[in-house]
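The listed protein sequences correspond, in order, to chains H and A. Read left to right, the first sequence gives residues 357 to 582 (this note's numbering). Read left to right, the second sequence gives residues 1134 to 1258 (this note's numbering).
It should be emphasised that the hints constitute simulated quantities derived from the structure, not laboratory data. Cβ atoms here follow ideal geometry from the backbone N, Cα and C, with glycine treated the same way. Treat the hints loosely; a few may be bogus.
[To be verified] Straight-line distance between alpha carbons at most 35 Å, and here's what the computed DSBU-like set of lysine-lysine pairs gives:
(1) Lys499/H with Lys1155/A
(2) Lys571/H with Lys1171/A
(3) Lys571/H with Lys1204/A
(4) Lys402/H with Lys370/H
(5) Lys1252/A with Lys1222/A
(6) Lys571/H with Lys1222/A
(7) Lys425/H with Lys478/H
(8) Lys571/H with Lys556/H
(9) Lys1171/A with Lys517/H
(10) Lys517/H with Lys499/H
(11) Lys499/H with Lys1171/A
(12) Lys499/H with Lys425/H
(13) Lys478/H with Lys517/H
(14) Lys482/H with Lys425/H
(15) Lys571/H with Lys1155/A
(16) Lys517/H with Lys1204/A
(17) Lys476/H with Lys402/H
(18) Lys1222/A with Lys1155/A
(19) Lys1222/A with Lys1171/A
(20) Lys443/H with Lys425/H
(21) Lys499/H with Lys1204/A
(22) Lys517/H with Lys443/H
(23) Lys517/H with Lys1155/A
[As the list claims (entries may be wrong)] Over 12 Å on every C-beta distance to chain H, these chain A residues come out as not near it, computed from the model:
(24) Ala1165
(25) Pro1168
(26) Asp1170
(27) Lys1204
(28) Ala1230
(29) Glu1236
(30) Ser1243
(31) Asp1256
[To be verified] Chain H regions said to be covered by chain A (calculated; three or more residues, Cβ under 8 Å):
(32) 545–554
(33) 566–577
One letter stands for each residue in the lines below.
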Amino acid sequence: MLAKLDHVTKRYVKNEGLRDLTLDFPAGQVVGVLGLNGSGKSTMLKLLAGLLFPTSGHVSVFDGQPRSKRSNIVFLGERDALWPWMKPTDAERFMGNLYADFDRTRFNELLDALEVPRRKTKTMSKGERGRLRLAMALARDAKLYLLDEPLGGIDLISREKILSSIVQEWHTDETILLSTHEVAEAEGLFERVVYLRDGKLALDVSAESLREGGKSVVDTFREVLT
Amino acid sequence: MTEHDGWSLDMSSGPIFEQIAKNVHQMLARGALTPGDKLPSARELAARLSVNPNTIVHAYGQLEADGVIEKRRGLGTFVREDAPVTGMKHEMLHGAASAYAEESRQLDASIQEAIAALKEVWDAG
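This is chain A alone, in the form it adopts within the complex:
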């Protein structure tokens, strides 16, 4: 597992380009990145994470196709002003919540029990 100010990679958890893209989504969802922010250049990020620069280019290409980032000629890569940031947090929370809901149902727990458990864990920090 490589961790580096907001970037985290695990070589056994799928292609690196997908993980880089997911990292950007997560940083946007929690506000560590905001619309208009500049992303590191592919080579800079590649050197920081010890990964192949082409892999970062691949990830940025995917994020560009998804409407999250854009290249500005001669300036670098930026988070788009209209990047779907609010939707992103909601979407990622939903993903995590449905996994939790599924597990709670398998334990035959009521929604009250599930919420209570979540609150306990939440308050414990």
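For reference, chain H alone in the conformation it holds in the complex:
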């Protein structure tokens, strides 16, 4: 198993992020992580990235602590932490210094494919910054990609470009966990869908088997989560 959550509970000061969640992720799956705000999606992805520790239970990636497997894990968080003075060339240097697996050639190909302007980020639109951040994430060569809301709050054209780059760059031995509210646009990508509600697993299902029953991932979202 590439990644595992075993009876994981994450308690924050006031509320619970996750409650007794158990999930296995084999290599080579594109998984949609769906749920309403506060359902625990980000908490789950951050635990797998080793950015948070569980209150109880176990999280493992390649049978080890996520923190010790960071060279195999890409995490693209919701927060846009790009420096305003940064140009794509600065981002390239920054990522190249930080990660041995960062491929500068691939990064530049991604910038072209995603049509990222070669300007300072402070003059970029939200969509352009989102595209730059995705290029930074996908130019790394890892086995587990944790993409938290890569489509959040950006324009339709940027969303289409991002989805298409994810499809192009995905290797069949890599696992992608992608959380999104843009369920309709992204659902074709998912082989499997994990629905979370109030920090608990509401449904874990194959997307094509849902459609076999005449229901889309979106239809099921409404049914399961509302």
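Please build the complex by placing chain A on the supplied structure of chain H, with the hints as guidance.
Chain A only, in chain H's frame:
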């Protein structure tokens, strides 16, 4: 509903792999694809339609088993020269016609009435 030069998908209308296969049948039936034509690679089509490449591989596998397409080593995926194209149009028209015939019978219409109605709709474009 996603539409893209000949490809159309509806996430609430069954598995995507079946819809992709059906799209190929339809394109062959209306001549948008002909024997010997090259199909896009699985990854290319997947990126264009924002679907999982494995789903396209699944659909192509089904079409290959049905004798519609073939992989040529190192070259890509092609419509077979002996793909049953003429039969395909007939078969799909038949499917649509039997649904119409069934509905007409339920309305107790004669075949003349049904044909007249079809002709009116047809002429109206």
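Right, here's what the structure says about each hint:
With a CA separation close to 34 Å, the supplied pair Lys499/H and Lys1155/A stays within the 35 Å bound. Note on Lys571/H and Lys1171/A: the hinted pairing holds, with a Cα-Cα distance of about 32 Å set against a maximum of 35 Å. Our distance criterion of 35 Å between C-alpha atoms is met by Lys571/H and Lys1204/A, whose separation comes to about 32 Å. For a cut-off of 35 Å, the pair hint linking Lys402/H to Lys370/H stands: about 18 Å separates their Cα positions.
Straight-line distance between C-alpha atoms of Lys1252/A and Lys1222/A comes to about 19 Å, which keeps the hinted pair within the 35 Å bound. Between Lys571/H and Lys1222/A the CA atoms are separated by roughly 29 Å; this keeps the pair inside 35 Å, and the hint holds. For the given pair, Lys425/H sits about 33 Å from Lys478/H by alpha-carbon distance, which is consistent with the 35 Å threshold. For the suggested pair Lys571/H and Lys556/H, the alpha carbons sit about 22 Å apart, so the restraint of at most 35 Å is met.
Taking the CA atoms of Lys1171/A and Lys517/H, the gap is near 25 Å; set against the 35 Å cutoff, the hint holds. In summary, the hint linking Lys517/H to Lys499/H is supported, as the alpha carbons are separated by about 22 Å, within the 35 Å threshold. Between Lys499/H and Lys1171/A, the direct Cα distance comes to roughly 32 Å. Compliance with the 35 Å bound is thereby established for this hinted pair. About 10 Å separates the Cα atoms of Lys499/H and Lys425/H, which keeps this hinted pair within 35 Å; it holds.
A threshold of 35 Å between alpha carbons decides the hint, and for Lys478/H with Lys517/H the separation of about 21 Å falls inside it, so the pair holds. Note on Lys482/H and Lys425/H: the hinted pairing holds, with a Cα-Cα distance of about 31 Å set against a maximum of 35 Å. The suggested pairing of Lys571/H with Lys1155/A holds, with an alpha-carbon distance near 18 Å, which does not exceed 35 Å. With a C-alpha separation of about 29 Å, the suggested pairing of Lys517/H with Lys1204/A holds against the 35 Å cut-off.
This hinted pair checks out: Lys476/H and Lys402/H have alpha carbons roughly 28 Å apart, not beyond 35 Å. At most 35 Å may separate the alpha-carbon atoms for a hinted pair to count; Lys1222/A and Lys1155/A meet this at roughly 12 Å. Proposed proximity of Lys1222/A and Lys1171/A is supported: the alpha carbons are some 20 Å apart, at most 35 Å. Between the alpha carbons of Lys443/H and Lys425/H the distance comes to roughly 29 Å, so the proposed pair stays at or under 35 Å and holds.
For a cut-off of 35 Å, the pair hint linking Lys499/H to Lys1204/A stands: about 29 Å separates their Cα positions. Under the criterion of a C-alpha separation no larger than 35 Å, the hint pairing Lys517/H with Lys443/H is consistent with the structure, at around 20 Å. Only pairs whose Cα atoms come within 35 Å are accepted, and Lys517/H paired with Lys1155/A is accepted, the gap being roughly 26 Å. Consistency note on Ala1165/A: stated as away from chain H, and its beta-carbon is indeed over 12 Å from all of that chain's, at 22 Å minimum.
The Cβ of Pro1168/A lies farther than 12 Å from every Cβ of chain H, with a closest approach of about 29 Å, so its non-interface assignment holds. The claim that Asp1170/A is not at the interface with chain H holds, since no C-beta of that chain comes within 12 Å of its own (minimum 23 Å). Here Lys1204/A stays apart from chain H, with its beta-carbon at least about 17 Å from theirs, past the 12 Å limit. The beta carbon of Ala1230/A is kept farther than 12 Å from every beta carbon of chain H, the shortest such distance being approximately 24 Å.
In this structure Glu1236/A is separated from chain H by more than 12 Å, as the shortest Cβ-Cβ distance comes to about 21 Å. The claim that Ser1243/A lies off the interface holds: its Cβ sits roughly 34 Å from the closest Cβ of chain H, which is beyond the 12 Å cut-off. No beta-carbon of chain H comes within 12 Å of the beta-carbon of Asp1256/A; the shortest separation is about 35 Å. Residues of the segment 545–554 of chain H with a Cβ under 8 Å from some Cβ of chain A number 3, which satisfies the need for three, so the listed coverage holds.
As drawn, the segment 566–577 of chain H meets chain A at 8 residues by the rule of a beta-carbon pair under 8 Å; at three or more, the given contact holds.
Hint violations for this structure: none, all hints satisfied.
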